[in-house]
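Colleague: Here are the chains, one letter per residue:
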Amino acid sequence: MDGLITFLASNLLMIYILVFAIYLGMEVISKVPTVLHTPLMSGANAISGVVVIGAIILVRQAEPTDYLVLTLGFLGIALAMINVIGGFSVTDRMLEMFKKKKR
Amino acid sequence: MTNTAVIITEYVYLISIILFIVGLKKLSHPDTAKMGNLFASAGMGLAILTTLFYPIETETNNYMLIFAAMLVGGLIGLIAAKKVQMTAMPEMVSLFNGLGGACAMMISFVEFYNYPAGQSLMNGQILTTIFALFIGSISFTGSLIAYGKLQGSLRDSLVLPYPKIINLTLLLVIIGISIYIVSLPELSFVWVILLLVFSLVYGVTFVTPIGGGDMPVVISLLNSFTGLGAALAGLIYGNQVMLVGGILVGASGTILTILMCKAMNRSLLNVIIGGFGTSGGASGSSKDQNVKEATYADLAIQLKYAQKVIIVPGYGLAVAQAQHTCHEMEKILEAEGVSVKYAIHPVAGRMPGHMNVLLAEADVPYPQLLELDDANREFPSTDLVLVIGANDVVNPAAKDDPSSPIYGMPILDVAQAKGIVVFKRSMSTGYAGIANPLFFNAKNSMLFGDAKVSLQKLITEIGNA
Numbered sequence: 001m002d003g004l005i006t007f008l009a010s011n012l013l014m015i016y017i018l019v020f021a022i023y024l025g026m027e028v029i030s031k032v033p034t035v036l037h038t039p040l041m042s043g044a045n046a047i048s049g050v051v052v053i054g055a056i057i058l059v060r061q062a063e064p065t066d067y068l069v070l071t072l073g074f075l076g077i078a079l080a081m082i083n084v085i086g087g088f089s090v091t092d093r094m095l096e097m098f099k100k101k102k103r
Numbered sequence: 001m002t003n004t005a006v007i008i009t010e011y012v013y014l015i016s017i018i019l020f021i022v023g024l025k026k027l028s029h030p031d032t033a034k035m036g037n038l039f040a041s042a043g044m045g046l047a048i049l050t051t052l053f054y055p056i057e058t059e060t061n062n063y064m065l066i067f068a069a070m071l072v073g074g075l076i077g078l079i080a081a082k083k084v085q086m087t088a089m090p091e092m093v094s095l096f097n098g099l100g101g102a103c104a105m106m107i108s109f110v111e112f113y114n115y116p117a118g119q120s121l122m123n124g125q126i127l128t129t130i131f132a133l134f135i136g137s138i139s140f141t142g143s144l145i146a147y148g149k150l151q152g153s154l155r156d157s158l159v160l161p162y163p164k165i166i167n168l169t170l171l172l173v174i175i176g177i178s179i180y181i182v183s184l185p186e187l188s189f190v191w192v193i194l195l196l197v198f199s200l201v202y203g204v205t206f207v208t209p210i211g212g213g214d215m216p217v218v219i220s221l222l223n224s225f226t227g228l229g230a231a232l233a234g235l236i237y238g239n240q241v242m243l244v245g246g247i248l249v250g251a252s253g254t255i256l257t258i259l260m261c262k263a264m265n266r267s268l269l270n271v272i273i274g275g276f277g278t279s280g281g282a283s284g285s286s287k288d289q290n291v292k293e294a295t296y297a298d299l300a301i302q303l304k305y306a307q308k309v310i311i312v313p314g315y316g317l318a319v320a321q322a323q324h325t326c327h328e329m330e331k332i333l334e335a336e337g338v339s340v341k342y343a344i345h346p347v348a349g350r351m352p353g354h355m356n357v358l359l360a361e362a363d364v365p366y367p368q369l370l371e372l373d374d375a376n377r378e379f380p381s382t383d384l385v386l387v388i389g390a391n392d393v394v395n396p397a398a399k400d401d402p403s404s405p406i407y408g409m410p411i412l413d414v415a416q417a418k419g420i421v422v423f424k425r426s427m428s429t430g431y432a433g434i435a436n437p438l439f440f441n442a443k444n445s446m447l448f449g450d451a452k453v454s455l456q457k458l459i460t461e462i463g464n465a
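Going line by line, the protein sequences match chains A and B.
According to our numbering, the first sequence is numbered sequentially starting from 1.
According to our numbering, the second sequence is numbered sequentially starting from 1.
Chain B extracted, bound-state conformation (with noise of 0.2 angstroms):
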């Protein structure tokens, strides 16, 4: 390699480096993140045509089957962004966040296979390498396991005996594994692949026991650790721009992780040992106590003759398609001189900012979106809350039920309102599977049914009122 493609090479992977930490600064500003974002794609296309056409000393190259291979994977990424479903974008992260581990992992598992033979493995090329082969499994066969129960083909009920025994034990299996093979005068394969395999089972049991609302938390952990995999690839190539680009997500991504869990009042050891989707449901023995029925006439009117009413849009409500359907009876009421505004909570819908993804997918207004603390301001001079697909983000277990497994986590406090409607399917727990006494208060009634049917039927009925 000539010493100019050497400094060339090095100035290009520099300017991909700024354009990842500009584009990163950006993309955490409401404003610039589209920008944000473009730049930090630039900064990714500009780091792979230098890695192609670098001059290497042994020119095999293979460029035929790098380039089918880029292409393939391109297109199919592609495509998986266009077509996928607004509501349906964490599991969509997770999954693409887990086949950057897997790239990770199959890179650190080619490192040993081409590790001359005969040489001592005591050294930190192996230690690193080691490393970032655990980390990439991990990262792989964990988000496939959040993939699986964010999309619900893998049931959240499903739990592992002694969830902390397993894992503890295998990470000290996995420990040991790593001792022995730098110990050993040359590498052997089996080890390795028992390291392999040992770090991927480690991947599901780790991802398994953590269900419920805490699912956005583990995504976030893991794209972390998928920076820090392709962090320790690039020091193993002395690649800068991987070193710092899977920094980069590394450090951004665990404070990310650690944003989202201040946002629902939980420290992140709690959610990784805490096995919070099991031990619901005990607070409220609820069967005896009442719960009226609203019906749509009397609805119509209510909201027709209201002076304020606010929307608590959740999970449901995304599932059932009905967001544009919501906005229109929004914008019906408005007509009628109804001020209609809309609560976010931190966390509704499946990840923190989905909903506000969603409802901006449906045009709402920036103005009408109230956050958590605005929102609770707002509901004591609110004349009607219609709670549309939200369980748990207006449960106040979290507020006076000490034993509740969400106690501590800031609610949506719609009782302070006149009148509440929850559109509902059944009822049925959320998704972190827990009671709300919600149901029963004396100023709520129940809406039964699917969102988008409810939010149609409602919509024809106030055309009647």
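Looking at chain A on its own, in the form it has when it is part of the complex (with noise of 0.2 angstroms):
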């Protein structure tokens, strides 16, 4: 139990972000119209590739010869930059069909 107190009150401004960033998450796109649902899904899903700095900074700080780490660590960043690059690539292909469309 003291562990898991100790963790709340280092982590406080961590958990405030956290809730205020789940109630901007909901805001944000509290609006949108069907047309968009699906461009908007491929966006987000863009973003949550994020997870990908997690990966860096492990490889980052794994030892050279940590072949378990480095291996898993490459695959990683590998499949994340998949999700961001094709992520931002698919929703940009698919709304420069709604640019066009306007004219």
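These are computed hints drawn from the structure, not numbers from a lab.
Please read these numbers as outputs of a predicted model, since none were measured by experiment.
Just to be clear, a hint being listed does not mean it is correct.
[To be verified] Computed cross-link-like contacts, SDA-like style, restricted to lysine to any residue with a CA-CA straight-line distance of at most 20 angstroms:
id	chain 1	residue 1	chain 2	residue 2
1	B	25	A	23
2	B	331	B	296
3	B	83	B	152
4	A	31	A	13
5	B	82	A	93
6	B	26	A	22
7	B	34	A	22
From the two separate chains plus the hints, produce the assembled complex.
Modeller: Right under this line is the structure:
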């Protein structure tokens, strides 16, 4: 139990941010037309690739001989980069088509 | 790490976070959506650059490996995004999402691996890591199953025996293992691997029973799971940009999931435990009823002399890549003085908004697309409705058969029009696997065959008529 309380105390600021971000995330897209559901999902999906940052930190801190961590880290970065780059480009491709028909 | 560097890093992260928030906001309005996507990707680029170069104490860095991984992943992502057909967009999003989940899973696994030996596990750090491992794994295998189902390599009819019991048991086992891991005096790696395996299996059993029209909802839900996984990883690392970015996706993904459910008039709980695709087809012993078949020559003349025609496009049109041919026919008819519009159901295609993307690809002008309510107002004054490759979205059972699995879903009420023609490959049921009484409506006739081929023949006939 002590560990838990220490964790909560030392991460107080992070937990504040967490609560506000939940509210913000719900507010930000509360009104969205169905037309944009697919692109929005795809864009949000690309943002969730932000987890790549964790993998980068992991590999930066890893011992050069720690092959398990390096392998998993490599995979993690590569997979999350597919998510990020692929996600943003696919969203852009979809939205490009909406722009064209506006003219 | 010097103090200045820390401060700079933190503030650049703050800029990234702001770019994410503004980007998401802009993404939810049609006029600014493209800009929003750019904002969000700029935020991501900034966050990645900062993470790469801020000074850390242990100077191993392993930059070669990092750059190689980024290059490989980035290239694969770019090529996949450029190559993918617009029709296959939903499964692509699902696949991308699963990979993000896999990354969250790997990070938390390594976190266990690096955990100092001989130390108690009763702390928030480990609880967060357990949760991140669980969420990341579900998102990974769940998205892969969703990908397989949408792509067609996994049959929808693939069902588990007693899915509810299996899922509940697995969940209890996972919770049990988690509690056991935390209660041990020091980390037991065997149990972490067991936790990982059970979580991966749970992802499979969680998505497998869900089928049919509910797939987009599941993808959206899994998307918010990946966001949550990223946020938890952010909590482990004390990294704000991961925390906020992840939570934004988690929260907005949940809202989006609920919005999608509303568009289909179903509750989220119903989708998850409902087992949608399995109970269909019971309504109507339809074999004895008569179906009229349309001929191209007749239909061509009807179209040419109609005042108002509405086209209801569905996934069948997309699969046949017929959106361009359809647009071509529409232009010919417009030149003959026929008013042609498209009625888009909110869940037409495989995902809400998917059909709009496909028609936009074929250059169909925006004002010609009618949304559900507007279309239903226009049907009574419409001479002919062409239902091309759509099925469930025009199924009157959703309106008048309480035993139907899609009962309550708003439909395009095409039966109000003076005449209906359904373009379809065969008499088989639609994606949701439900019989459609519309086919037997006295006003309806069927035109069997591939949508693109049928439309091409029709264009020729209109020219002759």
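Colleague: Confirm or reject each hint.
Modeller: A quick look at each hint next to the structure:
1. B/25 <-> A/23: Since the Cα atoms of residue 25 of chain B and residue 23 of chain A sit roughly 13 angstroms apart, the hinted pair holds (cutoff 20 angstroms).
2. B/331 <-> B/296: The given pair, whose Cα atoms are some 18 angstroms apart, holds under the 20 angstroms limit.
3. B/83 <-> B/152: Distance of about 18 angstroms is within 20 angstroms: holds.
4. A/31 <-> A/13: With a Cα-Cα distance of about 29 angstroms, the restraint between residue 31 of chain A and residue 13 of chain A is violated, given a limit of 20 angstroms.
5. B/82 <-> A/93: With Cα atoms ~8 angstroms apart, residue 82 of chain B and residue 93 of chain A stay inside 20 angstroms; holds.
6. B/26 <-> A/22: holds, 18 angstroms
7. B/34 <-> A/22: violated, 24 angstroms
Violation of the numbered hints given earlier is confined to hints 4, 7; the remaining hints are satisfied by the structure.
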